[in-house]
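Chemist: First to last, the sequence lines map onto chains A, B and C. Counting from 0, one number per residue, gives the positions in the first sequence under numbering that gives the first Met the number 0. Counting from 0, one number per residue, gives the positions in the second sequence under numbering that gives the first Met the number 0. Counting from 0, one number per residue, gives the positions in the third sequence under numbering that gives the first Met the number 0.
The hints are simulated quantities; they were obtained by calculation from the structure and are not laboratory data. Incorrect hints may have been included.
Under the rule of at most 20 angstroms between Cα atoms (straight-line distance), these lysine-lysine pairs were calculated in the PhoX-like manner [to be verified]:
1) 224(C) with 201(C)
2) 199(C) with 476(C)
3) 371(C) with 386(C)
4) 138(B) with 211(B)
5) 327(C) with 237(B)
6) 54(C) with 195(A)
7) 211(B) with 268(A)
8) 237(B) with 371(C)
9) 328(C) with 195(A)
10) 398(C) with 446(C)
11) 211(B) with 109(C)
12) 211(B) with 371(C)
13) 237(B) with 328(C)
14) 211(B) with 317(C)
15) 188(A) with 224(C)
On a predicted model such as this, the values are computed, not experimentally measured, just so you know.
Chain by chain, the residues:
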Amino acid sequence: MNLNWADALKAIFTLTLLTSTIRVSISIILAGMGEMLTERSGVLNIGVEGTMLMGALAAALGSYFTGSPWIGLIAAGLTGMLIGLLFSFIAITLRSNQSITGLAIYLLCVGLSGYLLQIIFEHGGNSPKVNTLPMLHFAFLEKIPLLNAIFNDQSAIVIPVLLLPIIMYVLFYRTPWGSWLRAAGENPKALAVVGKNPVRIRYVATLCGSFLAGIGGAYLSISQTSLFSENMVAGRGFIALSAVIFGGVRPFGVFLACVFFGFMDALQKTLQTVIPDTIIPRELFMSLPYLLTLLVLAGFIKKSGGPADIGNPYLKESR
Amino acid sequence: MLGIRKFFLKRQPVFITIIAIVLAFFVVGLILAATGRNPFNAVYYFARGAFGNVMNTTDTISRVIPLTIAGIAFLVGAQSSVFNVGIEGQLLLGAMASAIVGYIVKLPFYLHLPLMLLAGALVGGLYGLIPAWLKTRRKVNEILSTIMLNYPATYLTHFLVLKVIPIEGVVPATPFIEDSARLPLLIPGSQLHAGVFIMILVVIFAYYLLYKTSLGYEMRAVGYNRVAARFHGIPVEKRMNFAFFLSGALAGLAGAVEVAGVHYRFLDQFSPGYGFDSITVALVGLLNPFGVIISATLFGALKTGILEMSVYSGIPRQLTTLINGIVVLFVAAKDILGGWYARIFRGKNTYEAEKEISQ
Amino acid sequence: MAYILELRDICKHFGNVLANDHINLKVEKGTVHSIVGENGAGKTTLMNILYGLYKQTAGEIFVDGSEVDIESPSDAIDLGIGMIHQHFKLIPAMTVAENVMLGIEPTKGKVFLDLKKINGSTLEISNKYGLAVNPKSMVADISVGIRQRVEILKALYRNANVLILDEPTALLTPQESEDLFRIIERLKKDGKTILFISHKLKEIMQISDVITVLRDGKVVDTVKKANTDEVHLARLMVGRDVFLKPAPKTKKIGEPILRVENLSAVNEYHHPVLTNVTFDVCSGEILGIAGVDGNGQTELVRALIGLQPITQGKISLKGTEITHLSVKKMRSAGIGVIPEDRLQEGLVEDFSVEENLFLGLQRNQPFSNGNKLDWNAVHKNADSLVKTFDIRTPNIEHKAHLLSGGNQQKIIVAREIYHAPDTIIAAQPTRGLDIAATDFVHEQLIKQRDSGKAVLLLSLSLDEIMLLSTRIAVIYKGTIVAVVNKDAVTPEDLGLMMLGGSYEHISA
């Protein structure tokens, strides 16, 4: 096999790779940050994939009918919250098994999004093209290659998204709400005896997390591409879920995990052009996030554990 | 009056599931109406599409086969409190294994067919042991791990079929399996194949295992009350591992049967989500083997009926996935439905009603 | 004299169970007021009412002379009542300071945590009361004793004047307990009032100023420490006047069947839960193990069936050692167990009555040939047991969870008794049962004793132990402190031993 590895590596590891990594990671980061918030409060929402899908649809619809992608963005966030509300009601208030509920939400969203797509646009598969979020371009950044790669020719929301981990960090560890959030996820009873309501905290965390997931989906349909197609989230929600686990449910850990998985995705696309598939198959890269997460879950890779009370419904002491 | 109450209370699980389905369909009907489609129209075309003529009926049955086997796969796991959401992946791997065995060797029919089916089951079962180990040794939630494992499985089969195994023709698929590995058609020209008998055998096997053997009793005890099971000397981890294996194996078998009876090769993306449908089928079937056949028939009919329906009444075929999701949602909330159900039928004085029942 | 706390005629019902029956309590400021009693006496219920976790069915609470309504822990905290629970309500993944300030964190500009103040105030208050802690340590990293200090600081930070300590020494080492008593003395000097809940006589006598004894939900008496001693307290806590009904005398005692020698075990934190437990149970007798809940009974039963890892010791059945066998083998060796937790351990609620009646025997004859079940045998067994033991169920296919508690217990008793060849372990066999069901179980145990079986009875009810036992062993802090003949001992003696009092004056 004629392959000059030096040339190949040089072709791969360029700043363009950095740009595509950031571009590809944005939706994962949004969903990952959202799910991290939810899980920190003690709620495991595996329906993130579904929420993202509905968010993507809502954004496309919003942009299509009003011409403004920003309306689409808001619609996506609100849709995400709505789905989050449904999930919260069943999993938190009704105390149903969180995993089964999450699964049901996922199935529901897949079906509902495909159905609505068909109904509204009269043909399956894709929506028509919609207006997208503006791209950033700062002339002065062209002189600084690294920053240029990260910020230029990226979607407008790249800046808030890259700030998310910092915001989350400050929220978790430097505000009282962050302490209460963490307490709700570790030992809700401890919170109850000091007069705070763990149920309310979990609701808020789940709703906000679903909001972010919705935005994460929106990015796919009104920025990364310019339309909604069936099942377009294509597993990113589960990758975000993996990233949360892999990152130890902590802001910077999860952020890095999301970027890492995004990097894997961007890398395999780049590799395709340079290294023939038969040497390193792209399917391996696509499987990597899941395999790595399983290794973390199995304990082979030590990550700081997540909240102690995750997945357990909270039962108030009887009066 | 009390007699009627007792009747309903005794059959609580059945009635609740029926209510869950009815509610689900009601919600679906609302969605249909809200989006400008006629729900009653839908039902008519759906019924016609599912059972209208012999062709349609055999089509329906051919879908019922994988749904039943996969549904039983989920059921077997669930009865031991093992929620195998990885059926889709195990099914694909099993199909791949059987397709390979099907075309790579030449053997007489009575050896080849069983061998390829066995290969499918074995591969599915082995893949199911991964989440088993994760759960029993590392306490990993299997709903999470099995969903995750679906992806590598899907990618692996995709990879194999596109890049490793030589392709004959245009469509991404493995080469056709030998005639000796195929399940014969029961009605020539239709889709109905001898896999129907395998399906029936699987149902009977599941029933026999769970309700007529000591092993099945132990598996169910583990599923209902792990603590009590351990207290009485039942090896909980061993039973769960077995449940994982069996569930994966049946999922693999479902895939193998599809290869042997319908496609005669591993066709990329041949599974229209049987893995997730199997969960709904099993839950609606109340985790009872015979219930699973009935529920699989319902959902199989749904799939064929939907096609006809979407052609003639403009209702998108994605409706099935939607119905799927809503049904699972309601069934998931079943416990709560159960609470309300009990309250309605028990009336105000729970203690009296309970005494009545137990005396 | 103003009382800082007064409870008048407090009653609390749970369904038709009366947990607190017209409790009257007057607590003076600056004292250590102990509330003592056996399990089920109503102590924890009362404290939960005081802390707002429960609401009393009747009665009034007065704080500093004014009547108050305590609807939630927030109300209690506002009134200056703080509670240190037996099972700490702390967040291991957060620091000491974060835990102390949970919910009322000082902030900078209402948005950001004032970390300096959080750590500073914690240090301040820790110094003020002499409760040395490091505000920046993770709770996960500190010892149980220090965790308790954090709980106390939590209450003090919220300006608690009354501190309720619920069984505070339950999880402490002796050294840590001594530290705790020093802290209590210091708090007293600072004008705080302590409500000390316990059942351990020695520490009650060491720390209290005033002692209120509860029994069966009622106040028996309130005494000043100076006017009482261990023996007197034991009598108050446990005093019995009348037995339910005289039990038939033991007929004939044979050879020891179950022999336990020097059994020791530790829990997952490596604290000893059983220490050199030695006793044997002979055929034809009932050995009753008396003790307050949490002194090793649960662990003992688990060790006897093979669910508790043992660090040393030997268990033998009819001469054959069975110490390290699997659960299944130990059961097959001939032990029947009526478990403490009827629903969790004894039954599979979702199974039918008949399915439950052969639980554990699903591989044995006649129910199975090892693999295939013989449902005829199952039906027959069920029909026969239902009849013999009068299990009230419309039919044997009925799901077990639909039956009343008493009938559920009958299923377990029937199954274990019927199929256990020579030994029965009955752990809290009449817990939660009504009188008729209790009588039934007692009758069965006596019957089994008379038929030559060895019966090991563990119960939290001294009445039951005295009623049924041939010999009585007392377990305290994981050790058997004495084994006596039933006739040689009074309830008060037993109470004394169960509560850790000195008992040299009792002859074994």
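Chemist: A separate judgement is required for each hint: does it hold in the structure or not?
Modeler: Outcome of the hint check:
no. : hint               : in the structure
1   : 224(C) with 201(C) : holds, 12 angstroms
2   : 199(C) with 476(C) : holds, 11 angstroms
3   : 371(C) with 386(C) : violated, 26 angstroms
4   : 138(B) with 211(B) : violated, 30 angstroms
5   : 327(C) with 237(B) : holds, 14 angstroms
6   : 54(C) with 195(A)  : holds, 19 angstroms
7   : 211(B) with 268(A) : violated, 54 angstroms
8   : 237(B) with 371(C) : holds, 19 angstroms
9   : 328(C) with 195(A) : violated, 50 angstroms
10  : 398(C) with 446(C) : violated, 28 angstroms
11  : 211(B) with 109(C) : violated, 66 angstroms
12  : 211(B) with 371(C) : holds, 6 angstroms
13  : 237(B) with 328(C) : holds, 16 angstroms
14  : 211(B) with 317(C) : violated, 35 angstroms
15  : 188(A) with 224(C) : violated, 36 angstroms
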